[in-house]
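Asks: Sequence:
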Amino acid sequence: MSLLLQLPYNLCVYLLSATRRYLPTFAASPMKDSPDDIGLTTGNRGGTNHALQLQDGETPWNAPADGSGLETESVPAPASTHVQPPRRDSRSLIPCRYHLRGTCRNGDHCPYAHSESPNEIEARSGCQETVNNFNDDRDGEHDDFSREFSGAFVQFQEGCQISKIALPGDFSAIRINGLPLDSTRGSVSALLRDLEFQVAPALVRISRSAQAATVSADVKVEDPTFAKGFCAKLKSEKVSAARYSTLEALPVSPSTLSGSISRRVSCKKVHISWHKPTRSVWLNYRDKDVARRVGDKFNQGEYRVLGQMATADPPKHSFYRDDRYKRNSIAWEVLLRDVLYHSTSNDVEDSILLYNDKPRHIKMAKSENFHDPKFTAFQVKSLFTKVGSVKFEMNTQSQGKRFKAAARFEEEVDAREAVRSLHGKPQDFLDESKLTVQLVCSAKFKISTSIYDTLEEQLSAKSVEWRERYLQFKVYRNTDPLQRFTTLKIEGEQAKDVANATNTLEEILAGQTVTDGDAPVWSTAFTGNGATYQKLKQVEQQHDVVIIRNKAKKQLKFLGPPDKYQQVQRAIVELIKAESTAVYIIHLNSHEFFWACNGGFKQIATALGDHIASFDIVSKPRRVIITGSKKQHQTALDIIRGKKDEVEPADFANTNKDCTICWSEAENPLLTSCNHLYCLQCFEDLCMSAMSGDKEASIFCQGEMGKCKKVLSLDEIQTHLSSAVFEEILEASFVSYVRRHPQDLRYCPTPDCGYIYRTSSLTTSLHTCTKCLDIVCITCHEQHGFMSCADYKDLRSGGLEALKKYKEENGVKDCPRCTTPLEKTGGCNHMACVGCGAHICWVCSKVFRESGSCYSHMRSAHLSYF
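All letters in the sequence shown, in the order written, are residues 1 to 866 by the UniProt record's numbering.
Hints in this document: simulated from the structure, not taken from any laboratory.
All C-beta atoms, glycine included, are put in the ideal place defined by N, C-alpha and C.
Hints may be right or wrong, so weigh each one.
Here are the in silico distance ranges between beta carbons for each label pair [claimed, not checked]:
| no. | residue 1 | residue 2 | range |
| --- | --- | --- | --- |
| 1 | 400 | 469 | 18 to 24 Å |
| 2 | 207 | 516 | 58 to 64 Å |
| 3 | 427 | 510 | 42 to 48 Å |
| 4 | 821 | 711 | 32 to 38 Å |
| 5 | 554 | 400 | 51 to 57 Å |
| 6 | 791 | 503 | 42 to 48 Å |
| 7 | 236 | 751 | 45 to 51 Å |
| 8 | 237 | 510 | 53 to 59 Å |
| 9 | 520 | 542 | 17 to 23 Å |
| 10 | 432 | 374 | 17 to 23 Å |
| 11 | 233 | 392 | 36 to 42 Å |
| 12 | 400 | 427 | 15 to 21 Å |
Derived pair list, reagent style DSS-like, types lysine-lysine, alpha-carbon separation capped at 25 Å [as the list claims (entries may be wrong)]:
| no. | residue 1 | residue 2 |
| --- | --- | --- |
| 13 | 577 | 557 |
| 14 | 805 | 846 |
| 15 | 496 | 444 |
| 16 | 695 | 551 |
| 17 | 824 | 805 |
| 18 | 551 | 630 |
| 19 | 709 | 695 |
| 20 | 391 | 220 |
| 21 | 813 | 824 |
| 22 | 462 | 444 |
| 23 | 489 | 404 |
| 24 | 710 | 620 |
| 25 | 807 | 824 |
| 26 | 401 | 425 |
| 27 | 695 | 824 |
| 28 | 813 | 793 |
| 29 | 374 | 386 |
| 30 | 535 | 554 |
| 31 | 358 | 288 |
| 32 | 288 | 316 |
| 33 | 577 | 553 |
| 34 | 551 | 577 |
| 35 | 425 | 391 |
| 36 | 695 | 164 |
| 37 | 462 | 564 |
| 38 | 220 | 164 |
| 39 | 386 | 220 |
Model the full structure from these sequences, guided by the hints.
Replies: In structure tokens form, the structure reads like this:
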């Protein structure tokens with residue numbers, strides 16, 4: 001029995017169109033300009049029904065769940081027997097750009113992704129950039145602990161000791177022209193070896209030019225005679241050996257320094273991108289106006305496939321073959337270009353949001369210019385590996401129309417060469433498509449998390465200005481439970497803009513010195529952790545600012561909103577006026593120090609109360625510091641003078657919560673790799689004090705009452721300190737090294753120059769300062785140009801004779817090592833030079849490294865200390 005319903009024509013059309021998506025797909029003839037060689041299946045004019053060609057990852061709507069029995073030919077079936085399984089909205093994989101800005105009004109109903117990574121830190125003002133992308137390089141750049149100080153390359157080793165200082169005059173360099181196009185670092189190194197010069201491939205830089213038939217190589221060697229010797233050798237060999245006849249070697253100026261605008265700014269990374277392969281898509285419509293409307297929406301960006309814009313050509317006539325009715329009907333087709341290669345027909349359909357804009361048919365062309373992402377990444381990486389040693393990162397899942405990668409070189413010169421030689425150059429493996437290579441400069445700062453929290457609003461306001469100059473400002477918090485440090489990073493493609501932003505950031509992080517009039521505000525009570533310092537911490541908390549004390553410079557630094565400075569300054573001044581505490585130092589001999597370590601100090605601390613007494617086991621001699629009243633100082637003296645011969649270390653020994661240095665409960669605690677606990681401030685003081693002693697600078701642990709003596713690695717020291725303090729310690733180590741080695745290194749005598757030079761040279765007796773360009777004699781260390789040392793001495797003889805007479809009359813002698821004038825006014829014959837720290841016997845001017853050796857010499861050689 002059949003049932004015949006008579007329905008209005010309009011309703012029939014609506015029902016038919018509403019159920020179209022659940023019916024099998026029929027083929028349609030391509031447009032006249034649709035080439036068969038890009039993967040379109042054409043309809044068969046003989047009447048055979050063909051399905052559209054399936055692309056990778058596409059499945060027919062009526063395929064079995066297990067994937068078996070797939071057929072490319074569609075068979076008509078009643079719509080009621082086929083229900084299309086629900087598909088995940090492909091837009092849910094695309095981040096909502098309005099949500100990223102904080103302006104999305106759709107909330108949970110938005111079809112785009114609102115996910116947020118837990119590792120991403122966003123400031124309340126939204127100033128930070130996303131940090132969980134493919135080139136998140138918080139740990140990508142390992143510090144090699146080399147720095148540039150006073151015109152020198154300085155290499156540090158464990159304990160912040162200096163392992164090497166290199167100056168431009170220690171090097172020489174050459175450029176070899178006329179090398180074959182296939183030359184590599186290894187082949188150039190072999191060429192040098194054939195000419196009896198042993199040079200590692202890492203010291204060779206290949207330079208290529210697009211039009212040149214040959215290549216050049218730059219070679220830099222730590223030997224000032226290398227350039228002259230090689231050029232002479234090659235010239236002599238060219239006469240007898242034909243294979244050297246096309247080569248030319250020229251001496252060039254060597255550069256030991258990185259060439260970056262600032263040692264804080266790194267320019268070793270490049271960003272790389274290239275176009276992803278795309279495909280064309282045809283949309284078939286019955287109505288020309290609908291086709292034109294849909295094309296306009298794609299061109300205006302209202303419709304996007306997988307979140308990316310596609311361009312649409314104007315609609316064109318096409319004949320649509322309807323095999324059900326055995327007739328051709330006129331249709332309009334819209335050609336979409338630049339659709340991402342991995343898009344499917346479902347993705348295209350989902351991008352057309354309005355039901356009335358849905359096409360009758362969708363044809364997917366094969367991907368144009370398709371290249372496997374992994375193969376492409378390998379080819380790109382090989383290009384950059386040829387330039388220099390590099391760490392390569394690639395994200396094949398990146399959003400957008402371009403693949404993106406990052407390459408970090410070990411040398412800045414290699415990064416710049418990669419940009420010069422590869423940017424905008426067509427590549428065969430990309431079908432002559434070009435690479436975009438951009439040099440990226442960055443600067444990092446590790447600061448206290450409390451400082452960042454205080455300055456967050458100021459930094460957010462500044463980041464708006466930086467964004468206008470296309471600079472990224474990123475914030476990374478440490479993952480340690482205490483969250484002691486936060487890392488800030490500024491990154492951009494213009495080195496000068498990065499340097500300027502870095503200077504601004506440094507000024508903010510440096511804080512403002514608290515002054516009263518023109519003088520810094522300071523009290524000796526701030527030296528210890530007593531009651532006065534605890535009240536200073538209360539001022540911090542009340543005003544929600546950070547106050548940093550610098551014991552060495554006797555200064556307080558204010559960090560916080562500028563409008564709070566006056567209030568905090570007045571509070572600190574009033575605090576100092578109201579306090580009557582002072583700092584008292586009690587020096588300990590060896591017996592008293594042993595007593596204090598075995599419970600004596602704890603007796604003092606218990607008797608005086610919290611934050612009054614602290615123990616300094618780093619200074620020589622060791623000492624107990626009392627921050628309190630005169631009465632409390634006297635109480636501590638009485639305890640030390642009346643000490644018992646037997647103590648109970650079990651009751652009074654240092655606990656596992658006490659600082660190794662001050663023997664008080666550790667404030668902002670840190671634990672070394674040898675399991676010794678420190679206050680953060682005490683650890684900083686320990687590091688700085690190691691740079692000012694008589695011996696070579698070296699930072700070692702003071703645990704177990706100074707018996708540990710494990711030299712701390714640079715990685716560990718850097719981990720426990722802010723970047724500003726760490727850099728200050730490295731520079732102090734360098735200054736200490738130069739001061740202690742006047743026989744090897746000297747500062748340029750030009751006022752305010754600050755560069756150093758080596759006091760011996762294999763090639764010349766004159767040194768031209770690379771900063772001030774003045775000429776210094778490395779023999780007498782005077783600036784007398786090309787005048788001889790004797791003539792210059794005669795010229796100044798009048799003044800020199802007067803000085804010599806004064807020295808003889810007043811017993812003034814020059815230090816045998818650094819020539820600093822020394823005057824003995826009393827005491828024994830052991831003298832310590834204030835210039836280089838040398839220990840000198842005043843009688844015979846012999847120099848010693850330690851005071852004990854000097855006393856032994858005086859006792860044996862002169863039979864007396866006086």
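Asks: Each hint should be assessed against the structure and marked as holding or not.
Replies: We went through each hint and held it up to the structure:
1. 400 / 469: 18 to 24 Å: holds (23 Å)
2. 207 / 516: 58 to 64 Å: holds (60 Å)
3. 427 / 510: 42 to 48 Å: The hinted range 42 to 48 Å holds for residue 427 and residue 510, with Cβ atoms some 47 Å apart.
4. 821 / 711: 32 to 38 Å: holds (36 Å)
5. 554 / 400: 51 to 57 Å: holds (55 Å)
6. 791 / 503: 42 to 48 Å: About 46 Å separates the Cβ atoms of residue 791 and residue 503, which means 42 to 48 Å holds.
7. 236 / 751: 45 to 51 Å: holds (47 Å)
8. 237 / 510: 53 to 59 Å: At 58 Å between Cβs, range holds.
9. 520 / 542: 17 to 23 Å: holds (22 Å)
10. 432 / 374: 17 to 23 Å: This hint holds: roughly 21 Å between Cβ atoms.
11. 233 / 392: 36 to 42 Å: holds (38 Å)
12. 400 / 427: 15 to 21 Å: holds (19 Å)
13. 577 / 557: Status holds; Cα separation ~19 Å.
14. 805 / 846: This hinted pair holds, its Cα atoms lying about 23 Å apart.
15. 496 / 444: holds (15 Å)
16. 695 / 551: holds (22 Å)
17. 824 / 805: At roughly 16 Å apart (the allowed maximum being 25 Å), residue 805 and residue 824 satisfy the hint.
18. 551 / 630: It holds: about 22 Å lies between the C-alpha atoms, which stays within 25 Å.
19. 709 / 695: OK: residue 709 and residue 695 at ~15 Å, within 25 Å.
20. 391 / 220: holds (23 Å)
21. 813 / 824: Judged against 25 Å, a Cα distance of about 9 Å means the pair holds.
22. 462 / 444: Status holds; Cα separation ~16 Å.
23. 489 / 404: holds (20 Å)
24. 710 / 620: Given that 25 Å is the threshold and the Cα spacing comes to 19 Å, the pair holds.
25. 807 / 824: holds (11 Å)
26. 401 / 425: holds (19 Å)
27. 695 / 824: Distance ~23 Å between residue 695 and residue 824 Cα, so the pair holds.
28. 813 / 793: holds (19 Å)
29. 374 / 386: holds (19 Å)
30. 535 / 554: holds (18 Å)
31. 358 / 288: holds (13 Å)
32. 288 / 316: Roughly 8 Å between the alpha carbons, so the hint for residue 288 and residue 316 holds.
33. 577 / 553: Distance ~21 Å between residue 577 and residue 553 Cα, so the pair holds.
34. 551 / 577: Roughly 19 Å between the alpha carbons, so the hint for residue 551 and residue 577 holds.
35. 425 / 391: holds (21 Å)
36. 695 / 164: holds (17 Å)
37. 462 / 564: With a Cα-Cα distance of about 19 Å, the restraint between residue 462 and residue 564 holds, given a limit of 25 Å.
38. 220 / 164: holds (17 Å)
39. 386 / 220: holds (18 Å)
The structure is consistent with each of the numbered hints, conforming to all of them.
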